[in-house]
Amino acid sequence: MAAVPDRVHLTYLVNGEESPVSFAPYKTLLEVLREDLNLTGTKHGCELGECGACAVLIDGEPQLSCLVLGLECEGKRIDTVEGLARGTELHPLQAAFADCGGSQCGYCTPGMLMTAKALLDRDLNVTREQIKEAISGNLCRCTGYQQIVDAIESAAAEMRGARK
Amino acid sequence: MSTQDKKRFEVVGKGRRRVDGRAKALGQLRFADDLALPRMLHCKLLRSPHPHAVIEEIRTGRAEKLAGVHLVLTGKDFPVPFGIMPVSLDEFPLAPERVRYVGDPVAAVVATDEQTATAALDLIEIKYKSLKTISDPIEALQNPEPRIHEYGEQGNIHRNQAYEFGDVDAALAASDHVFEDTFFFEGNTHLAMEQQASLATVEGDGKLLLTTSTQNPHYLHRQLARVLQMPASHVRVIATPNGGGFGGKCDPANHEMVVSKAALLLGRPVKICLTREEVFYQHRGRHPVLMKFRTGVTKDGKLTAMHLQTLLDGGGYGSHGPASTFYTGVLTPVTYELPRFKFEACRTFTNKPPCGPKRGHGTPQPRFGQEVQLDKIAEKLKLDPAELRLNMVTKRDSLTASWLRIGSTGLAECIRQVVARSDWKSRYGKLPFGRGLGLACSAYMCGAGVSIYWNKMPHSAVQLLLDRSGQVTVYCGATELGQGSDDVLATIIAEVLGIDTGLVRCVTGDTGITPVDLGSYSSRVTIMMGNAALQAAERVRGTLAEAASESLGIPPDRVVFSQGRVFAAEDPGKGMSFVEAIALGEAKSGPLSTVGSYSPPKAPGKYKGAGVGPSPAYSFSACVVETEVDPKTGWITVPKIWIAHDIGRALNPVLARGQVIGGVYMGLGEALMEEQVFRRLPPKLSNALVHRIPSMLEYKSLTALDMPEVDVALIEDPDPNCPFGAKEAGQGPLLPVMPAVANAIYDAVGVRIDEIPITPDKVLRALELKNSGKDPRVGPEHFPSVPYPKPIFVLPPGEGGDGGERKSPEDKAERKKVAA
Numbered sequence: 001m002a003a004v005p006d007r008v009h010l011t012y013l014v015n016g017e018e019s020p021v022s023f024a025p026y027k028t029l030l031e032v033l034r035e036d037l038n039l040t041g042t043k044h045g046c047e048l049g050e051c052g053a054c055a056v057l058i059d060g061e062p063q064l065s066c067l068v069l070g071l072e073c074e075g076k077r078i079d080t081v082e083g084l085a086r087g088t089e090l091h092p093l094q095a096a097f098a099d100c101g102g103s104q105c106g107y108c109t110p111g112m113l114m115t116a117k118a119l120l121d122r123d124l125n126v127t128r129e130q131i132k133e134a135i136s137g138n139l140c141r142c143t144g145y146q147q148i149v150d151a152i153e154s155a156a157a158e159m160r161g162a163r164k
Numbered sequence: 001m002s003t004q005d006k007k008r009f010e011v012v013g014k015g016r017r018r019v020d021g022r023a024k025a026l027g028q029l030r031f032a033d034d035l036a037l038p039r040m041l042h043c044k045l046l047r048s049p050h051p052h053a054v055i056e057e058i059r060t061g062r063a064e065k066l067a068g069v070h071l072v073l074t075g076k077d078f079p080v081p082f083g084i085m086p087v088s089l090d091e092f093p094l095a096p097e098r099v100r101y102v103g104d105p106v107a108a109v110v111a112t113d114e115q116t117a118t119a120a121l122d123l124i125e126i127k128y129k130s131l132k133t134i135s136d137p138i139e140a141l142q143n144p145e146p147r148i149h150e151y152g153e154q155g156n157i158h159r160n161q162a163y164e165f166g167d168v169d170a171a172l173a174a175s176d177h178v179f180e181d182t183f184f185f186e187g188n189t190h191l192a193m194e195q196q197a198s199l200a201t202v203e204g205d206g207k208l209l210l211t212t213s214t215q216n217p218h219y220l221h222r223q224l225a226r227v228l229q230m231p232a233s234h235v236r237v238i239a240t241p242n243g244g245g246f247g248g249k250c251d252p253a254n255h256e257m258v259v260s261k262a263a264l265l266l267g268r269p270v271k272i273c274l275t276r277e278e279v280f281y282q283h284r285g286r287h288p289v290l291m292k293f294r295t296g297v298t299k300d301g302k303l304t305a306m307h308l309q310t311l312l313d314g315g316g317y318g319s320h321g322p323a324s325t326f327y328t329g330v331l332t333p334v335t336y337e338l339p340r341f342k343f344e345a346c347r348t349f350t351n352k353p354p355c356g357p358k359r360g361h362g363t364p365q366p367r368f369g370q371e372v373q374l375d376k377i378a379e380k381l382k383l384d385p386a387e388l389r390l391n392m393v394t395k396r397d398s399l400t401a402s403w404l405r406i407g408s409t410g411l412a413e414c415i416r417q418v419v420a421r422s423d424w425k426s427r428y429g430k431l432p433f434g435r436g437l438g439l440a441c442s443a444y445m446c447g448a449g450v451s452i453y454w455n456k457m458p459h460s461a462v463q464l465l466l467d468r469s470g471q472v473t474v475y476c477g478a479t480e481l482g483q484g485s486d487d488v489l490a491t492i493i494a495e496v497l498g499i500d501t502g503l504v505r506c507v508t509g510d511t512g513i514t515p516v517d518l519g520s521y522s523s524r525v526t527i528m529m530g531n532a533a534l535q536a537a538e539r540v541r542g543t544l545a546e547a548a549s550e551s552l553g554i555p556p557d558r559v560v561f562s563q564g565r566v567f568a569a570e571d572p573g574k575g576m577s578f579v580e581a582i583a584l585g586e587a588k589s590g591p592l593s594t595v596g597s598y599s600p601p602k603a604p605g606k607y608k609g610a611g612v613g614p615s616p617a618y619s620f621s622a623c624v625v626e627t628e629v630d631p632k633t634g635w636i637t638v639p640k641i642w643i644a645h646d647i648g649r650a651l652n653p654v655l656a657r658g659q660v661i662g663g664v665y666m667g668l669g670e671a672l673m674e675e676q677v678f679r680r681l682p683p684k685l686s687n688a689l690v691h692r693i694p695s696m697l698e699y700k701s702l703t704a705l706d707m708p709e710v711d712v713a714l715i716e717d718p719d720p721n722c723p724f725g726a727k728e729a730g731q732g733p734l735l736p737v738m739p740a741v742a743n744a745i746y747d748a749v750g751v752r753i754d755e756i757p758i759t760p761d762k763v764l765r766a767l768e769l770k771n772s773g774k775d776p777r778v779g780p781e782h783f784p785s786v787p788y789p790k791p792i793f794v795l796p797p798g799e800g801g802d803g804g805e806r807k808s809p810e811d812k813a814e815r816k817k818v819a820a
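Just so you know, the sequences run in chain order A and B.
The numbers in the first sequence follow my numbering, run straight up by one, and end at 164.
The numbers in the second sequence follow my numbering, run straight up by one, and end at 820.
Calculated from the structure, these hints are not laboratory results.
One or more of the hints may lead you astray.
[Stated by the list, open to error] Below, a list of computed lysine-lysine pairs in the DSBU-like style, where the Cα atoms sit at most 35 Å apart:
#1 K632/B <-> K770/B
#2 K132/A <-> K700/B
#3 K292/B <-> K430/B
#4 K14/B <-> K132/A
Computed from a predicted structure; not experimentally measured.
Work the whole structure out from these sequences, hints included.
This is the structure in structure tokens:
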């Protein structure tokens, strides 16, 4: 059996930046992001893929980073909540979450935002039902989801306006 | 002129982005588990695999020798017990001799990383001797031995109490009808998204700093000093913003004590984050409660008296249990006029994770029974359930039979709103089979009238500091759970000073630098912190107004603070910027710093136990739920919910609506699926009582797809005891949801489910009973004989009492004669 290295060294493209990182090979992407890249915006709520708090985009697709090994992501494009804003200007989804009551405690917010971003990246003409479907794997215990759906709907409208 | 009397507000009542909204959307807010320090070590707890056992021997030698392990702690390292309530100091950070539930912490390892600490847990050798397991209150009553704790009332009864306000038996005997119903409310848990995490370190000054996810840094501070036997002034607790609390982070917790001790011993930062499974063991959630109501009514639907009995499953430790026991009854008389009331309650110890406060604390369970029974009463008397309730809502400024003072009430308007919005009158009782509407109401408190430990100091204090740069910094021990307490604080300061909330910096939840606020529980923060903030802000405004008045040559009471300016009321052009006013004030009076504080009004009741239930104000809610029930599968769908909440005044309507919808969401989850339940392993596998579903996937909660549209009406009738009239919104709106669901299911398919949660299998079972001509009801069949004590007898205000107890039965007999 080949010896398992203590640490592996590889490079991701995190929020548009080349990010070399070294970590123990058993670590999940969530752990690498939080502990080795100090990107603590991505949350953990269950360690088992049940809650959606750890959702990030891997090559544009929403994925639960607690179910992905850090090792599997070499060279991949990884987008986290830290990369959403442009400088000091909030992404329309972030602004809408803040304005519409989409965050109460804010713990599910990063995962919700990234899931919503993947949805709106595909299609800005989304219905409330499609929004609910898209975020149905992200649990929130504070809001009852209504103001989150309001926020995503409002951001989509804002982004449609900006595109015209 | 007080700011509160202004006709138009600039901040209050305006929907705004909350002060911490930007940080949350950026993922920048630092929760406890987001923190790390140089040289930080990691802690893991070893938890008992037995529900009830004596620890005969613990050997830690092998664990201590594992490379990377720095420290192993066991019960012998913690000789002093703790507990949130002074009457229930029954927990040790690590169990020294006895374990009382599967998950009870017995040892801790501190190591370089979590992997190593976890590996070392496996090397700790413990010899247990199993004891008989007490699995529920019935078993607890039947088995006084073995006692789970050596204290309490007797056997396995932790708390046992009885009150009688007026002669209830006489009133029931004289009633046109007496309804007797039993209900059961299964336990459920908070399931906050954030798992508890704590980071302890010894700061440069040699003092302990614990940064932790807690709702109550002040109570934790006191208990830490106690357990560690250190002066409280050498201990600092910082409550990080919580990723949801719902009551689950109110108790001081084992892991918080353990990492603190470890940091003190090692001189290095020590961190712990509970796994989701561990959070289910830490629990302190909704008590399972069995209830019996005997309620008398007149033929036209007025309540005459109620005899309520409750039996609580407390789990393995006291937690908030003494208060929880009271709350299964004390708020029952707040919603409707109830001339006489008898309340008996008993909390038992069982070998399960301790139960404690969850959103609504002890009150949702009896509220469910009360509101479902009212539905049955309305049906029997052929009265509309909404009209029945409207005719008996408690009156403004009245006293209940139990001597609680009702302040403002908007309940009647709440009922009218949900009736109109849901088109109740043309749809209730008239929808096709399988569809139905149900209505229920509730009342809740705006902060507990007394502190958890007896003292005469304020319940909340605020310190305000203005400096010449224009910065307004407010310090308060209140804790942000996500409910928006920082935004409430900033809103009140900003309104008084005529500035934007963005100018106010909130420094909260830090026992090292903020004045004491008792914590984020019992819906107390808006009222108590808010009143303290109002006082501090009005004081500093007074100083600023004096300084500005000299410069403007007008009397101080003609100085207006608005839109970041300070100017003359009669000539708005004559004035200055807010920053210039600060400079004038600082030149005249020195640094501008004020304090404010708040203590709740004295309660009118004088009997022993009268301290639980009084509140500066009560909020009221009414709810209509629509259901669709598939008679083939029992499947329940809820397409829409209407709720009206009497909030007094909404300080920030975006947040207020969010609290209301969030409460409805949690109530609907409890109504339909959430349950913290246990099962026995087979005898060959130890026969232990274990948690059935300690995972987020198996503990069912509503997803975005399950959540119906919620129509919210905020009823604003400002309460004079509350800042700008604002009452609570965090807990009250949850309470009417569960009974409204049950009542809607009855309207849909004609079956009564007298227990929570209401699941499809129960609905199917009830439909089968109905189809075979039997009583179409699923619920508890009987209420056991509980050895309640002789009740404390108190005459209700309407019968000439003084709010004190009558000590002997003769007193009661004498009163009877007078009444006759």
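Here is what the structure says about each hint:
| no. | hint | in the structure |
| --- | --- | --- |
| 1 | K632/B <-> K770/B | holds (13 Å) |
| 2 | K132/A <-> K700/B | holds (17 Å) |
| 3 | K292/B <-> K430/B | holds (31 Å) |
| 4 | K14/B <-> K132/A | holds (28 Å) |
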